[in-house]
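*Asks:* Sequence lines, in order, name chains S and Y.
Going by our numbering, the residue at position 136 of the first sequence is 136; the numbering climbs one at a time, nothing skipped.
Going by our numbering, the residue at position 29 of the second sequence is 406; the numbering climbs one at a time, nothing skipped.
Hints are supplied without guarantee of correctness; some may be wrong.
A few chain S residues that don't get close to chain Y, going by computed Cβ distances all over 12 Å [as the list claims (entries may be wrong)]:
1) Phe31
2) Asn82
3) Thr134
4) Arg137
5) Gly166
6) Gly234
7) Phe348
8) Gln362
DEER-style ranges, computed between Cβ atoms [said to hold, decoys possible]:
9) Y/Glu694 to S/Ile181: 56 to 62 Å
10) Y/Ala792 to S/Phe189: 44 to 50 Å
11) S/Val121 to Y/Asn759: 24 to 30 Å
12) Y/Asn620 to S/Thr55: 57 to 63 Å
13) Y/Ala613 to S/Phe151: 56 to 62 Å
14) Y/Ala558 to S/Asp107: 18 to 24 Å
15) S/Asp69 to Y/Thr427: 50 to 56 Å
16) Y/Ala406 to S/Phe169: 36 to 42 Å
17) S/Ala220 to Y/Ser503: 33 to 39 Å
Simulated from the structure, these hints should not be mistaken for laboratory data.
The C-beta atom is built at its ideal place from N, Cα and C for all residues, glycine as well.
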Amino acid sequence: MDGHAGTRSSLVWAVNLAAALMVLLWTIPTFGLLVTSLRDSDQIAASGWWKAPFTSVQSDFVRAGTAPDQVAEGEIWVIAGNVLEQGEKLRAWGTDSRDPMAFAPGDVATLADGRTLSVAVDGAYRLTSPVEFTETRGMRIFITTLTPPRFTFENFTRVIGAEGLGQAFLNTFTVTIPATIIPILIAAFAAYALAWMEFPGRALLIAAVVGLLVVPLQLALIPLLKLHNDIGLGKGYMGIWLAHTGFGLPLAIYLLRNYMVGLPREIIESARVDGASDFQIFRRIILPLSFPALASFAIFQFLWVWNDLLVATVFLGNTREQLVMTGVLRELMGSRGGDWEILAASAFISIAVPLVVFFAMQKYLVRGLLAGSVKGG
Amino acid sequence: MKTLYASAAALALLAGSAAAQDLKFAPGADARFNWASYEALKSMDLSGQTISILGPWLGPDRDLVLSVLAYFEAATGATVNYSGSDSFEQQIVIDAEAGSPPDVAVFPQPGLAADLARKGFLRPLSAGTDAWLAENYAAGQSWADLGTYAGKDGARALYAFPYKADLKSLVWFVPENFSDAGYEVPQTMEDLKALTEKIAADGGTPWCIGLGSGGATGWPATDWVEDFMLRVNTPADYDAWVNNTLKFDDPKVLAAIDEFGWFARNDAFVSGGAGAVASTDFRDSPKGLFSSPPQCYMHRQASFIPSFFPEGTMIGEDADFFYFPAYAGKDLGKPVLGAGTMFAVMSDNPAAQSFIEFLKSPIAHEIWMAQTGFLTPYKGVNTEVYGDSTLRKMGDILLNATTFRFDGSDLMPGAVGAGVFWTGMVDYAGGKSAADVGAAIQATWDTLK
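Chain S on its own, in the form it takes in the complex (with noise of 0.2 Å):
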């Protein structure tokens, strides 16, 4: 490199440009629904995200009150309240909703059977009636108004709040951390064994992983499910680990082995030499070896587990004490979905236990990304 740092330096702020847009271009949407999740639904229907911030123009009605609102001066009866929220200010406002602007702040209006409404700049209202007024639904006020950004925490007390939210994490636990482990275990001694011990027929066994990982796993739920009904496992936390691991192994196996190989044959072909049996080379210099690979894959397949629902849906069933985390965020959506605000919110809550994993590990994952590409090392 010595020599070359005029290129180098170039490079490097066209390098660093273009991580920088990635890095934007990634983060866009994650902000989005940020923002999303701050607002209520009816903002959410009323303008994009990207105006959130900003004091918009709105129009709107409000109602003015009703017959017990009420109050007696001299010969007229007033029912006198306000229009704007905290933050807002008056722009126009109208009893019409074909003409909502027809009137300025202060302006009198003059309305059917005598009936007076005024609105003044602070959005104090008063209407007025020579008769008493009888009405149960107060009349339409329409008004523009400047609206402050607003944002609110609603949607996430709402989530936090959901009913059986608590067992539902519990769950989704139970069904992650052995479906992590499990998996593992397995592959680690199945990756071993592909990459350093010889016997016939490995290569083919390889080859059969590989292709494995290209089978989509939705085929197999049918026949998978029909298996553990006929040896009497059933739907239960067994049944989905089973699963789950089963759905896990080929990625498993083929990034650990890929990564076994590539570790020095003379560390593991001295310890032959010194008479070590393969188990103790396995435990004593393989797996410390690994780690990094072991660890990135444990992050992979946490995170995979941890946001499935239809493995869980399938194996583990649908009832209240059975459900995992997606099914109870999927379940405020209500029937007929829709419910933005609440999925974004969901979404946000639901990624901080992987997030926490995935920092407390991040060191490995970069490492393990690697693993099997360079040989050597």
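Following the hints, put chain Y in place on chain S, whose structure we already have.
*Replies:* Same frame as chain S, now just chain Y:
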């Protein structure tokens, strides 16, 4: 002896009150309910037995169905495990094929139930249930036909019990916007078309139409077409269309599609212009009714849509509905399009058949009626029980229907009713001709035979 009786009575009272705490309406308290039918249920002793039910209801709907099931549990001593799934259609197939079906499944679409019946996964309901339906439901024979399928051996039997109906032939509007502008609720289809033209001429936009629904985009348009099939053609034509003896590219069908086009393909008639119809989400489309100034004056959608109205909207005051009218010039009566859920038994558990008996009791209907989102064609219930006047009004439309027809797309084979019919209507809204769309759908249907 006397003390024994007394303590037994006290015990019974205690047990009764303990169970009653879980019940939404205390048995015997409100005279509008048919408590005699509840007491009659107690003759079925199912203590210690368990029934599992899988259905499509989640969230608030789940709480509602649980409130009904509580009465079954309290009366019979059985335990009911209800679980809901938003991917019910896939889940029930997986469970059935793998051999671990629930005891009772709640089908939102009769087509899927018919499929499973043909594969032998459903158990026929007890003899006489079809006669019971024909006698006790309004338009009873059409309801019984909905649940009658061919079994594995080809013999037709009643496999599914309809419970809970949805009404589709409704137009939603904001009464205050109508009175501001001086519009009247139309009584005939001719009036409705005249009103549509009048609103457009006044500078307003008459309709909000949205077909977007994720993977199911297009289904709201199939409801429009079905409603018009019943308004320009006879019920017999509708039935023939549903089982494809009347071809999809038949001029009668194309006429119904073009009736939808009259509304949806005119830029002046639809909020956002005709181009926005296919891309607007059906859950967002009714919100235009409530904006200021109103983006539209009318919205045709089924009875469930108020759950997507802005928060705090009071039905009957802030928003109301009228019957999607029929042509005065055609003698086709007052056809009503609807949908409903079907309960089917999937295991040999005898308690499951008893559960179907429970659905025949008025109290099973009245408990949900008294809350929200439930309509029933059962003539034996007291309509006074309906939780609000809106539901009662809808219930009356259902009970007074001269013709009731089930959502046709739900009855067609999945590849058509939940496939090309949807995408075809999106194409139609996008400007393709009715003849092209009809021919394309018919071509797919032909490949299924």
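*Asks:* Each hint should be assessed against the structure and marked as holding or not.
*Replies:* A quick look at each hint next to the structure:
1. Chain Y leaves S/Phe31 outside its interface by the beta-carbon criterion, the shortest separation being 23 Å against a cut-off of 12 Å.
2. Every beta carbon of chain Y lies more than 12 Å from that of S/Asn82, the smallest distance being close to 17 Å; the non-interface claim holds.
3. Listed as outside the interface, S/Thr134 is consistent with that label: its C-beta sits roughly 15 Å from the nearest C-beta of chain Y, beyond the 12 Å cut-off.
4. Listed as outside the interface, S/Arg137 is inconsistent with that label: its C-beta sits roughly 5 Å from the nearest C-beta of chain Y, within the 12 Å cut-off.
5. Every CB of chain Y is more than 12 Å from the CB of S/Gly166 (nearest about 18 Å), matching its label as outside the interface.
6. A beta-carbon of chain Y comes within 12 Å of the beta-carbon of S/Gly234; the shortest separation is about 7 Å.
7. With a least beta-carbon separation of about 20 Å from chain Y, S/Phe348 lies farther than 12 Å from that chain, consistent with its non-interface assignment.
8. For S/Gln362, the shortest C-beta to C-beta distance to chain Y comes to about 33 Å, beyond the 12 Å cut-off, and the non-interface label holds.
9. Evaluation of the 56 to 62 Å hint for Y/Glu694 and S/Ile181 yields a pass: the beta carbon distance comes to about 59 Å.
10. Separation of Y/Ala792 from S/Phe189 is about 47 Å and conforms to the stated range, judged on CB atoms against 44 to 50 Å.
11. A hinted range of 24 to 30 Å is violated for the C-beta pair S/Val121 and Y/Asn759, which are about 54 Å apart.
12. Between Y/Asn620 and S/Thr55 the Cβ separation comes to about 58 Å, which falls inside the hinted range of 57 to 63 Å.
13. Checked against the given bound of 56 to 62 Å, the beta carbons of Y/Ala613 and S/Phe151, roughly 58 Å apart, stay inside it.
14. Look at Y/Ala558 against S/Asp107: about 22 Å separates their beta carbons, and that is inside 18 to 24 Å.
15. Taken as a hint, the range 50 to 56 Å holds for the pair S/Asp69 and Y/Thr427, whose Cβ atoms sit roughly 54 Å apart.
16. Checking the proposed 36 to 42 Å range against Y/Ala406 and S/Phe169 shows it holds: the Cβ atoms sit about 39 Å from each other.
17. As the Cβ distance of S/Ala220 to Y/Ser503 is approximately 38 Å, the hint placing it in 33 to 39 Å holds.
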